[in-house]
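**Student:** Two chains, two frames, a set of hints: combine them into the complex.
For reference, the chains in residue letters:
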Amino acid sequence: MKILVCISNVPDTTSKINFTSDNAAFDKNGVQFVINPWDEYALTRAIELKEEKGGSVSVLNVGEADTEQNIRKALAIGADDAIRVNAHPKDAFFVAQQIAHVAKEGAYDIILMGKESIDYNGFQVHGMVGELLGIPAITPAFKLDMLDDTTARLEKEIEGGKEIVEVKLPFVASAQQPMCEPRIPNMRGIMTARTKPLNVVEPVSTETKTEYTSYSKPEKKGGVRMVDAANAGELITLLRNEAKVL
Amino acid sequence: MSVLVFVEGYNGEVKKSSLEAASYGSQVAKALGTDAKAVAIGEVKEEALAALGAQGISKVLYDHDDRLHNFVAEAYLKVIAQAAAQESAKVIVFSNTNVGAALGSRLAVRLNGSLATNVTQLPEISGDSFTVTRGVFSGKAFAQVKLTSDVKLIAVKKNTIEILNDAGTTAAVEPFSTGLSDADFAAAPKETVLQETDGVLLQEAEIVVSGGRGLKGPENWHLVEDLAKALGAATACSKPVSDQDWRPHSEHVGQTGITISPNLYIAIGISGAIQHLAGVNSSKVIVVINKDPEAPFFKAADYGIVGDAFEVVPKLIEAAKALDR
Ligand SMILES: Cc1cc2nc3c(=O)[nH]c(=O)nc-3n(C[C@H](O)[C@H](O)[C@H](O)COP(=O)(O)OP(=O)(O)OC[C@H]3O[C@@H](n4cnc5c(N)ncnc54)[C@H](O)[C@@H]3O)c2cc1C
Ligand SMILES: Nc1ncnc2c1ncn2[C@@H]1O[C@H](COP(=O)(O)O)[C@@H](O)[C@H]1O
Numbered sequence: 000m001k002i003l004v005c006i007s008n009v010p011d012t013t014s015k016i017n018f019t020s021d022n023a024a025f026d027k028n029g030v031q032f033v034i035n036p037w038d039e040y041a042l043t044r045a046i047e048l049k050e051e052k053g054g055s056v057s058v059l060n061v062g063e064a065d066t067e068q069n070i071r072k073a074l075a076i077g078a079d080d081a082i083r084v085n086a087h088p089k090d091a092f093f094v095a096q097q098i099a100h101v102a103k104e105g106a107y108d109i110i111l112m113g114k115e116s117i118d119y120n121g122f123q124v125h126g127m128v129g130e131l132l133g134i135p136a137i138t139p140a141f142k143l144d145m146l147d148d149t150t151a152r153l154e155k156e157i158e159g160g161k162e163i164v165e166v167k168l169p170f171v172a173s174a175q176q177p178m179c180e181p182r183i184p185n186m187r188g189i190m191t192a193r194t195k196p197l198n199v200v201e202p203v204s205t206e207t208k209t210e211y212t213s214y215s216k217p218e219k220k221g222g223v224r225m226v227d228a229a230n231a232g233e234l235i236t237l238l239r240n241e242a243k244v245l
Numbered sequence: 000m001s002v003l004v005f006v007e008g009y010n011g012e013v014k015k016s017s018l019e020a021a022s023y024g025s026q027v028a029k030a031l032g033t034d035a036k037a038v039a040i041g042e043v044k045e046e047a048l049a050a051l052g053a054q055g056i057s058k059v060l061y062d063h064d065d066r067l068h069n070f071v072a073e074a075y076l077k078v079i080a081q082a083a084a085q086e087s088a089k090v091i092v093f094s095n096t097n098v099g100a101a102l103g104s105r106l107a108v109r110l111n112g113s114l115a116t117n118v119t120q121l122p123e124i125s126g127d128s129f130t131v132t133r134g135v136f137s138g139k140a141f142a143q144v145k146l147t148s149d150v151k152l153i154a155v156k157k158n159t160i161e162i163l164n165d166a167g168t169t170a171a172v173e174p175f176s177t178g179l180s181d182a183d184f185a186a187a188p189k190e191t192v193l194q195e196t197d198g199v200l201l202q203e204a205e206i207v208v209s210g211g212r213g214l215k216g217p218e219n220w221h222l223v224e225d226l227a228k229a230l231g232a233a234t235a236c237s238k239p240v241s242d243q244d245w246r247p248h249s250e251h252v253g254q255t256g257i258t259i260s261p262n263l264y265i266a267i268g269i270s271g272a273i274q275h276l277a278g279v280n281s282s283k284v285i286v287v288i289n290k291d292p293e294a295p296f297f298k299a300a301d302y303g304i305v306g307d308a309f310e311v312v313p314k315l316i317e318a319a320k321a322l323d324r
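Just so you know, the sequences run in chain order S and W. The first sequence begins at 0 in numbering that gives the first Met the number 0 and counts up by one. The second sequence begins at 0 in numbering that gives the first Met the number 0 and counts up by one.
The reader is advised that the hints may include incorrect statements.
[Said to hold, decoys possible] Far from chain S, by Cβ distances over 12 Å, these chain W residues were calculated: (1) Ala30; (2) Gly32; (3) Tyr61; (4) Arg66; (5) Gln81; (6) Asn164.
[As the list claims (entries may be wrong)] Listed next, the in silico DSS-like pairs over lysine-lysine satisfying Cα-Cα at most 25 Å (straight line): (7) Lys228/W - Lys243/S; (8) Lys139/W - Lys220/S; (9) Lys167/S - Lys103/S.
[As the list claims (entries may be wrong)] Partner residues aside, some chain W positions facing chain S, computed with beta carbon under 10 Å: (10) Val135; (11) Ala140; (12) Ala142; (13) Leu146; (14) Ser249; (15) Ser281; (16) Ile285; (17) Val312.
Please keep in mind that the hints were generated in silico from the structure rather than gathered at the bench. Backbone N, C-alpha and C fix where the C-beta goes; we use that ideal spot for every residue, glycine too.
Just chain W, with the same shape it has in the complex (with noise of 0.2 Å):
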């Protein structure tokens, strides 16, 4: 029996998102007496895997098929259900990025498991009894739940997990190969296009700065980018925002956005609506600037400013410029 880590990488980096899965994993291996193994698809450096070893994982099956670069949800199932299957894993930990969760879900039923998604918090292990914590409700809650199938899939949500620090231990990275077929790449995608970022992907940032109709118009956001720059965040905006073009969709957080959970989020003229919360609220710490004394927003924050954001930005930005980083 074992604990199989799914890793994913970008930039032929590991995501943060997967260090911390890594870290669950190897906590769960603990708290069941045995080992956390992981497996890594697709172009990630071999330092990187090897540096697993810092989160608890013993060993790296790595299966860098060509192929595999592109996520396809076939061929990379046949690869994490046969390392499940040599490493004979009853728990499987992943992150719960798209690709994560596309990938449990399908795992789930192949493997005949439980899926927790969006988990939040170590398992509570008792016996036979395995329970974990998810974010429900769009974050306004968290549920307990038992999984009660032998083999356990667990997604964990992103920024909840401390990374370990166990600096020193290398992971073994054994090369690993599937014999996957052609059949498992018919539904490659045609074409992958990703977006220009100065390399901080939303999704993975530490810190965000966020823009909403307050700024007025796209001709401004330059206020929220040079902030994003000078702390090294990314940027996000509110729905209506991204529903007048002024940014693309692709950076609109909310309950009908994407969700995130940065350690600073910092909301730049945005009202705070229940809906705007929802994408927002398991971020660390929120900062909030608005003219607005009663905005909503500030019920939520840490920090508040009252004020323009025209005048108060730019102090924002030289402050931040200001900082030895």
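Okay, chain S solo, but in the shape it has when bound (with noise of 0.2 Å):
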């Protein structure tokens, strides 16, 4: 079996995020990078079915040469090998395509993703993918475990309860918790993902479908009002009368 898992490279959850001075852009300034939240749980996931049932781990970033610090860390974690598509993810779309490019030509069986990146929060990529492919997409699942060589059966979440899926490989799926708990990489898995392939190949050409064309942030609350505990029944007056939302 198979396995590519996609991973985005975003800023530290703890980030503060800034923007340059003409607000055009993401300033990376003091940024520390690291692996997307979500695609942790994918990856993990996908290195234990591995252990389960035999087979391979690749894991794919689209993104430029900074990136591969946190590719190695993914190796280190247990993925087999890595490919790294030599381009700047310009939107969902342009990703999706070289994502659906690079599992086409390696013919895997189950493309694993997170459910959003938390830097963009598209939760778009993984259907794009599956739709390029023509083949499901199941996303967001928190439960993914093989019945046989052939057929998974994932447990996704919709609003109000869960789902239970069966789908034959190939598919799509993207991760989030409690999928397993997400592994950190030990002192061998970090010797050994050195020597570990990571193939550098440049991207297929496509279109985009969006522009970025300024960022804003939100506005500062007004401050925060203090209830003495002591009459804490007031504060839902306040809520009534003032704050208008009861």
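**Tutor:** So, in structure tokens, the structure goes:
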């Protein structure tokens, strides 16, 4: 079973977000980048499946050379090899085209992603890849098991409940917790990661469908109004008469 | 040319998030000098669909094929794509739910369109240029995005667009049938399990009461539940609470959980870590109850009480019960 795990490179969850002075681009200064947290669920579950059933796990990132540190981290966690499509990820459609191309060329059985990237919050790439390849995309899934060599059983979240889906390989799925307990690299993993293959390939040519023109930040809150604990009930009155939310 | 809104139902009613999408769609239609139509699938009451007229929808195409009661991506896609073709829709609007966004991304590829999810404002349209605003960086920023294809797909973030109140107008509800084949249902779910709720869906809720590790254990959750009940709210929790199985994972909000944007979010015994805030920071009003005056959550709050939850919350429950609602 060949599994492809797509990882995106995003600002650490605790980052302060700033933009360049003309508000035209994200300011990467002083920001640490990590593997998108949801993609870590996808990666660890892929490695667990490989351990159970055999096969291989490849990681894929569409990004420029500065993402290689996190690609190596994914190798250290336990992926076998990696592919970097050497391009700035211009928009979701562009990225989906690159992923679909690699997935087709490599004839992967399962293409796993995270639920969404925590920077652009798209929730788009998995559905697009499924459509480009003409295969199901089960998203967002919080449980993934193989029933036999050709069929998987997934549980996916819907508003107000869950759906249990059985699909034949190949398919796309996006992961969210509690799919597994994401692993962190150990010393041995870090050592072996250095010698695992990381292939850099050039992008296929494709159009984009969107253009980011500027960024802004939400207005600052007006400050907090404190209510005395002894008169806690007064809060309810304020919420009704002042905030008008009750 | 027209605008098409995809409408989702829940318990036979139109979801509030879909009313918001309909309001968005009709306002876009007005700006473009055209009409807004809707397409609804599955089990939704006809009166509820007709009431979409109040959101500015002139006509609802309704496909109530029995096989469509559960979400089946391929079948839903065919219905929406066919409705879009019939109405020559150039703008397709839906709400940013798991279902809506999953369909939107496939539909965007199928119709060769531009897609923006998590959209928070009406578009700016001038000549051929069509720009939307969407939430990015987990609620920490907004981005202006130009949709450059001829067909535009927009997933509207919950609770960011006002519902219209044009009472009196009703939409014409027309049966719509697509001739779906069994193959379209090949990936149908084996089983759908709905949670037991008091009818308030966390993602749709106007008020959410949420508990953190400060509540000490699941045996104390009656505080959260009773306050939620008195306010007609849904319940939520922080990540460590669901990690320890005090509460189900489906209640966990934050960076790695559900993102919500209710009118009122009440956080009890939650410290306000940045990853927690990422899931709730677009709530309109935030109330924080914490015994530590230095808890970071107070910085993001509109109202705060420094105090012990075990003393404060019973008082809130009492006051909430006394409200005439
Ligand atoms: C990659 C990553 C992703 C994450 N994603 C999420 C996420 O999606 N959602 C999330 O919630 N967290 C997430 N976290 C965890 C987050 O960093 C915090 O650890 C977590 O939110 C803390 O939960 P808490 O506030 O319930 O607990 P604590 O931080 O332990 O806070 C408990 C609070 O309760 C107060 N308290 C104690 N007793 C009382 C009392 N009697 N009355 C009133 N107040 C009391 C304390 O003063 C304290 O402020 C993530 C972390 C990482 C690294
Ligand atoms: N540049 C990228 N390279 C590889 N995978 C990506 C990239 N961007 C997004 N993805 C994958 O697509 C998922 C959904 O991303 P998004 O649609 O941007 O929210 C992510 O969790 C990743 O698994």
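**Student:** Now tell me, hint by hint, if it's right for this structure.
**Tutor:** Going through the hints against the structure:
Residue-level check passed: Ala30/W sits 19 Å from the nearest beta carbon of chain S, beyond 12 Å. The claim that Gly32/W lies off the interface holds: its Cβ sits roughly 24 Å from the closest Cβ of chain S, which is beyond the 12 Å cut-off. Every Cβ of chain S is farther than 12 Å from the Cβ of Tyr61/W; the closest lies at roughly 21 Å, confirming the non-interface assignment. With a minimum CB-CB distance of about 15 Å to chain S, Arg66/W clears the 12 Å threshold, and the non-interface call stands.
Its beta-carbon lying about 16 Å from the closest one in chain S, Gln81/W satisfies the requirement of being farther than 12 Å from that chain. Non-interface call for Asn164/W relative to chain S: holds, since the shortest CB-CB distance, roughly 16 Å, exceeds 12 Å. Restraint check for Lys228/W and Lys243/S: the C-alpha separation of about 19 Å stays at or below 25 Å, so the hint holds. Restraint check for Lys139/W and Lys220/S: the C-alpha separation of about 13 Å stays at or below 25 Å, so the hint holds.
For the given pair, Lys167/S sits about 16 Å from Lys103/S by alpha-carbon distance, which is consistent with the 25 Å threshold. Annotation: Val135/W was flagged as interfacial toward chain S, and the flag holds, the nearest CB pair being 6 Å apart, inside 10 Å. At its closest, the beta carbon of Ala140/W sits 5 Å from a beta carbon of chain S; the interface hint therefore holds under the 10 Å criterion. The closest approach between the C-beta of Ala142/W and any C-beta of chain S is roughly 5 Å, which is under the 10 Å cut-off, so the hint is satisfied.
Interface restraint check for Leu146/W: the shortest CB-CB distance to chain S comes to about 6 Å, inside 10 Å, so the restraint holds. Satisfaction of the interface hint for Ser249/W is found here, the shortest Cβ-Cβ separation to chain S being roughly 7 Å, below the 10 Å cut-off. Hint on Ser281/W holds. Least Cβ distance to chain S is approximately 8 Å, under the 10 Å limit. Because the closest C-beta pair between Ile285/W and chain S is about 8 Å apart, less than 10 Å, the hint holds.
A hinted interface residue such as Val312/W counts as satisfied when its beta carbon comes closer than 10 Å to some beta carbon of chain S; here the least separation is about 8 Å, so the hint holds.
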